[in-house]
Amino acid sequence: MVIDKQKAALSSVFAAVFLTLMKTVVGIFTGSLGILSEALHSALDLCAALITLFAVKFSDKPADSKHHYGHGKIESFSALIETVLLLITCVWIIYEAVEKLFFGKGVELIGIQWGVLTMIISILVDASRVRVLKKAAKEHGSQALEADALHFSSDIWSSSVVIVGLICVWIGDYFNIPVLKYADPVAALGVGLLVIKVSIKLGKETIDVLLDTAPDGIKEMIEKEISKITSVIQIAEIRLRPSGAVQYIEINVGVDPYQSHRSVHTIVHEIREKISEKIPRCDIVVSTFPVDAVGMADLSLSRTFEEIVSQISNCTNVHNIHVYEFEGKKKITAHIELEENLTLKDSHELSHRIDNMVQKAIKNVDNVSLYFERAEKVVQTEDITETQQDIVDNIKTAVLKIRDNVDCHDIKLYRNGNKVSTFLHCGVRGDFTVDKLESISNNIKSELKNNVDRLENVHIHFEPLDN
Numbered sequence: 001m002v003i004d005k006q007k008a009a010l011s012s013v014f015a016a017v018f019l020t021l022m023k024t025v026v027g028i029f030t031g032s033l034g035i036l037s038e039a040l041h042s043a044l045d046l047c048a049a050l051i052t053l054f055a056v057k058f059s060d061k062p063a064d065s066k067h068h069y070g071h072g073k074i075e076s077f078s079a080l081i082e083t084v085l086l087l088i089t090c091v092w093i094i095y096e097a098v099e100k101l102f103f104g105k106g107v108e109l110i111g112i113q114w115g116v117l118t119m120i121i122s123i124l125v126d127a128s129r130v131r132v133l134k135k136a137a138k139e140h141g142s143q144a145l146e147a148d149a150l151h152f153s154s155d156i157w158s159s160s161v162v163i164v165g166l167i168c169v170w171i172g173d174y175f176n177i178p179v180l181k182y183a184d185p186v187a188a189l190g191v192g193l194l195v196i197k198v199s200i201k202l203g204k205e206t207i208d209v210l211l212d213t214a215p216d217g218i219k220e221m222i223e224k225e226i227s228k229i230t231s232v233i234q235i236a237e238i239r240l241r242p243s244g245a246v247q248y249i250e251i252n253v254g255v256d257p258y259q260s261h262r263s264v265h266t267i268v269h270e271i272r273e274k275i276s277e278k279i280p281r282c283d284i285v286v287s288t289f290p291v292d293a294v295g296m297a298d299l300s301l302s303r304t305f306e307e308i309v310s311q312i313s314n315c316t317n318v319h320n321i322h323v324y325e326f327e328g329k330k331k332i333t334a335h336i337e338l339e340e341n342l343t344l345k346d347s348h349e350l351s352h353r354i355d356n357m358v359q360k361a362i363k364n365v366d367n368v369s370l371y372f373e374r375a376e377k378v379v380q381t382e383d384i385t386e387t388q389q390d391i392v393d394n395i396k397t398a399v400l401k402i403r404d405n406v407d408c409h410d411i412k413l414y415r416n417g418n419k420v421s422t423f424l425h426c427g428v429r430g431d432f433t434v435d436k437l438e439s440i441s442n443n444i445k446s447e448l449k450n451n452v453d454r455l456e457n458v459h460i461h462f463e464p465l466d467n
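For the sequence shown, the tail end lands on 467 under my numbering, and the numbers increase by one without skipping.
A portion of the hints provided could be inaccurate.
[To be verified] In silico lysine-lysine, BS3-like type, Cα no more than 30 angstroms apart, as pairs:
id	residue 1	residue 2
1	396	445
2	412	449
3	445	419
4	204	181
5	7	135
6	396	412
7	419	401
8	57	138
9	204	57
10	401	445
11	330	360
12	138	181
13	66	7
14	436	419
15	228	278
16	331	345
[To be verified] Quick list of simulated restraints, FRET-style, between CB atoms:
id	residue 1	residue 2	range
17	463	418	27 to 37 angstroms
18	342	322	47 to 57 angstroms
19	201	167	25 to 35 angstroms
20	393	229	24 to 34 angstroms
21	402	259	33 to 43 angstroms
22	219	29	50 to 60 angstroms
23	29	179	21 to 31 angstroms
24	435	327	39 to 49 angstroms
25	210	254	56 to 66 angstroms
26	220	29	48 to 58 angstroms
27	220	285	18 to 28 angstroms
28	383	339	26 to 36 angstroms
No wet-lab data here; the hints were simulated from the structure. Positions of the beta carbon are idealized from the N, C-alpha and C atoms, including for glycine.
Model the full assembly from the supplied sequences, consistent with the hints where possible.
Structure (structure tokens):
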């Protein structure tokens with residue numbers, strides 16, 4: 001059953017009133033500083049409970065024109081006030097204890113049994129309040145209720161310390177052990193030290209929230225969840241702002257610049273869903289930007305095409321890019337190597353996707369024609385150069401037929417099954433242009449494949465003859 005926040009806070013007010021009155025009356029009657037310090041502690045709890053009641057009543061108000069992030073920080077501010085009250089109580093308790101211990105103030109107690117009974121009743125009431133407040137704080141994510149539960153928890157321990165002190169005083173009276181008469185102010189000191197510890201812990205938590213300190217581990221968890229979304233290329237920024245029970249989260253991510261608005265909206269929705277599963281009480285704002293790290297506008301057309309294709313994870317390499325232009329319109333053809341062995345349907349969809357991306361990035365593109373092939377894997381080959389000198393001689397003879405005075409040397413032959421590949425160095429004039437070298441290369445490859453049996457691949461490395 002879900003516990004109502006305001007009812008939980010109101011019941012704490014009634015409990016604090018009862019405990020304060022009971023401890024004050026019994027403390028005055030017995031003369032116990034420990035019980036009186038507990039009465040003041042309960043009075044503090046009453047103030048804290050009233051502040052909590054106010055906080056939980058107004059913190060759930062929705063955002064308005066002046067408070068864009070809602071009113072959740074009222075709870076944090078109320079918790080800070082409770083911290084100050086705890087410290088004031090601590091100072092008074094320690095002062096009175098020191099007076100009794102070191103400056104000869106009387107420590108005679110009467111009706112110790114009533115004091116012990118009062119503290120036992122206090123522990124029972126506190127325990128019931130802690131259980132209810134912790135459950136409500138967890139259900140509603142309320143820092144104010146959590147602080148209130150912390151107050152009543154500290155009362156349980158401090159009341160236990162007072163009981164020990166009262167019992168020690170009674171034992172001292174009964175067995176005539178004078179030193180045990182100081183157990184009551186010593187117990188009061190113990191209460192004071194406990195209150196200091198509680199104050200420091202609560203104060204740090206509330207100040208962290210008021211200063212918008214991001215909770216430990218939350219940012220890393222969000223990064224981990226977003227990184228699972230393949231459409232997100234870059235996580236630029238994550239900002240957290242806790243306010244009451246709500247975490248306000250701002251996220252800026254980079255996406256494919258060629259995604260449609262519908263696709264980007266889907267990415268944003270997926271980010272929100274993943275984070276909401278981990279942080280139920282959150283308000284998420286996701287902004288996106290196009291990832292264009294290399295500055296496509298400044299690249300050549302072929303380079304731009306390569307960069308577009310490189311954004312697709314399945315495409316490992318692109319080559320044989322050709323651009324044809326007629327009456328101001330461009331047609332691009334290319335070979336693209338794929339990691340996966342796609343079906344015709346899948347490859348057609350991929351081709352259509354690349355076509356759309358290219359036409360958005362490059363002006364006046366009328367058509368994109370793509371040929372897909374499997375990316376070549378590293379294969380084990382055998383060096384057969386020494387045993388196949390006849391093939392080497394045939395290669396040299398074929399190259400001599402080329403008119404451009406090509407010096408062919410360092411010929412290597414490798415076999416993979418029935419296929420033979422050759423690697424050769426060719427020396428030519430140093431003033432030949434790239435276009436000229438491409439023409440020579442095509443002539444050599446054509447000549448070799450026509451005249452050398454079993455030759456599958458020809459790889460040529462050109463060198464200048466004048467070096």
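Verification of the hints:
1. 396 x 445: Between residue 396 and residue 445 the Cα gap is close to 12 angstroms, so the pair holds against 30 angstroms.
2. 412 x 449: Holds, at roughly 16 angstroms.
3. 445 x 419: holds (15 angstroms)
4. 204 x 181: Violated - the C-alpha atoms of residue 181 and residue 204 are around 37 angstroms apart, more than 30 angstroms.
5. 7 x 135: holds (13 angstroms)
6. 396 x 412: OK: residue 396 and residue 412 at ~12 angstroms, within 30 angstroms.
7. 419 x 401: holds (24 angstroms)
8. 57 x 138: Roughly 17 angstroms separates the two Cα atoms, so the pair holds.
9. 204 x 57: Measuring from Cα to Cα gives roughly 24 angstroms; hence the hint holds.
10. 401 x 445: holds (12 angstroms)
11. 330 x 360: holds (13 angstroms)
12. 138 x 181: violated (43 angstroms)
13. 66 x 7: holds (28 angstroms)
14. 436 x 419: holds (29 angstroms)
15. 228 x 278: holds (14 angstroms)
16. 331 x 345: With Cα atoms ~23 angstroms apart, residue 331 and residue 345 stay inside 30 angstroms; holds.
17. 463 x 418: 27 to 37 angstroms: Because 31 angstroms falls inside the window, the suggested range holds.
18. 342 x 322: 47 to 57 angstroms: Roughly 23 angstroms apart at Cβ, these two residues miss the hinted range, so it is violated.
19. 201 x 167: 25 to 35 angstroms: Holds, at about 29 angstroms.
20. 393 x 229: 24 to 34 angstroms: violated (60 angstroms)
21. 402 x 259: 33 to 43 angstroms: violated (50 angstroms)
22. 219 x 29: 50 to 60 angstroms: holds (55 angstroms)
23. 29 x 179: 21 to 31 angstroms: With a Cβ separation near 25 angstroms, residue 29 and residue 179 satisfy 21 to 31 angstroms, so the hint holds.
24. 435 x 327: 39 to 49 angstroms: violated (25 angstroms)
25. 210 x 254: 56 to 66 angstroms: For residue 210 and residue 254 the Cβ distance comes to about 32 angstroms; the hint is violated.
26. 220 x 29: 48 to 58 angstroms: Holds, since residue 220 and residue 29 (Cβ atoms, about 56 angstroms apart) stay within the stated range.
27. 220 x 285: 18 to 28 angstroms: Hint holds: Cβ distance 19 angstroms, inside 18 to 28 angstroms.
28. 383 x 339: 26 to 36 angstroms: Taking Cβ atoms as reference, residue 383 and residue 339 lie about 29 angstroms apart, which means the hint holds.
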